[in-house]
Amino acid sequence: MEKIYKILQNIRPEFDFRTSTNFIEEGLLDSFDMVSLVSELEAEYDCIIDALDIMPENFGTVESIMLVVKKNGGNI
Amino acid sequence: MLPVLEHDISVIKNTMTDIRRNCNGVIVQNYYNNCDDSNEIYVMYGENAIAFWCDDNGVIRGYYYASDIDELKELLKYLPKGTVIDVITRGDLNTSAFLGLSGFCFLHELQRFSSVGLSSEESKYISERIKFMADMYKVENVCVATENDVDVLNDKLYEIFDKRESHLPTRDELVEYIQRRWVCLYYENKELKGFYIFKVMSNGQFYGYEIWNGTGPDGYFSMVMKANELHAEYCNSNKIPLDKIPPSYCWVNVKNKKAMRPIKFWGMKFDGLRDFVYEKQ
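Listed in order, the protein sequences are those of chains V and F.
End of the first sequence = 76 in the numbering used here, gap-free, step of one.
End of the second sequence = 357 in the numbering used here, gap-free, step of one.
It should be emphasised that the hints constitute simulated quantities derived from the structure, not laboratory data.
From the three backbone atoms N, C-alpha and C, an ideal C-beta is built for every residue, glycine too.
It cannot be assumed that every hint is accurate.
Unchecked claim - Capping the alpha-carbon separation at 27 Å, the derived lysine-lysine pairs in DSSO-like fashion look like this: (1) Lys6(V) / Lys320(F); (2) Lys89(F) / Lys71(V); (3) Lys70(V) / Lys320(F).
Claimed, not checked - Partial chain V-side listing against chain F, Cβ under 8 Å, derived: (4) Glu25; (5) Phe32; (6) Glu44; (7) Ile48; (8) Asp50; (9) Ala51; (10) Met55; (11) Asn58; (12) Val62.
Let's have the full structure, built from the sequences with the hints guiding it.
Here you go:
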């Protein structure tokens, strides 16, 4: 979980992800950030995230991000 | 080589995943979940590259996803004349230089500005400036657009803005924005001199969509003030707490000095994201 927060913080250092309840709905991540995040997650957890899974619902919280990484074979 | 007509973006997304799986190097792409609702997408398939396009309110917009840039360059040559490609990046113009080799011509550079990270001192300074400029707010000249204004507004939008650069709303979307009270107009002697179209995201975030000011600073300032009032009104009626709204943002053409000045005046800063717009010759 900490690693994911670190990745998120590197992508958008100006936001506090820990106090957010939904990164997408609250505007902390946009579609461009989502693609950057996917690349970082794939490198960190040695997986390939299916393009069909790259949708806002899967990137709203750290928990949902962990789920999508696991679903795609990530070593999390 | 002929394009394949696809009716569902998921087929294309599956190809993207395959390209990613077979990739040992870098992926180049300009696809950010665009044209997901389109059921008419033309695709050029390669082994390690894909290029596709669809109609977006009268503009053909092109997208690509590739691990093999040479193959991509070949596929892009098949995109129709007039296809517009947006390359959104934190890099510079060189990141998309390969488009020039596939028959694309660079049109515009847009930059994203945001009110993120405004210090309390800056906010205070801006509030004081607003107080100082209060006399410029010509309340009697600015009003909320109604559905009777749709045709005039629609014509003006497409006359003033370049639809390749701005993702202009359809007529139906414009009607929706008017119904939501996201459009204000500025008149001088009964003549339309400006309009301000904004959007409010579900979290209350303000997006300055299309602003035209055909008069002096009074017109601009009045529309900004009115738009701020309408934004607050919208958030209140939708029970969005004003203190939880993320910073506002907008995209500006770097050559549009008339737009750049006021944006900086409000303390908005370039957040590092650029959009390079290309057109197929």
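Legend entry - Earlier hints that do not hold, by number: 3, 6, 11 and 12
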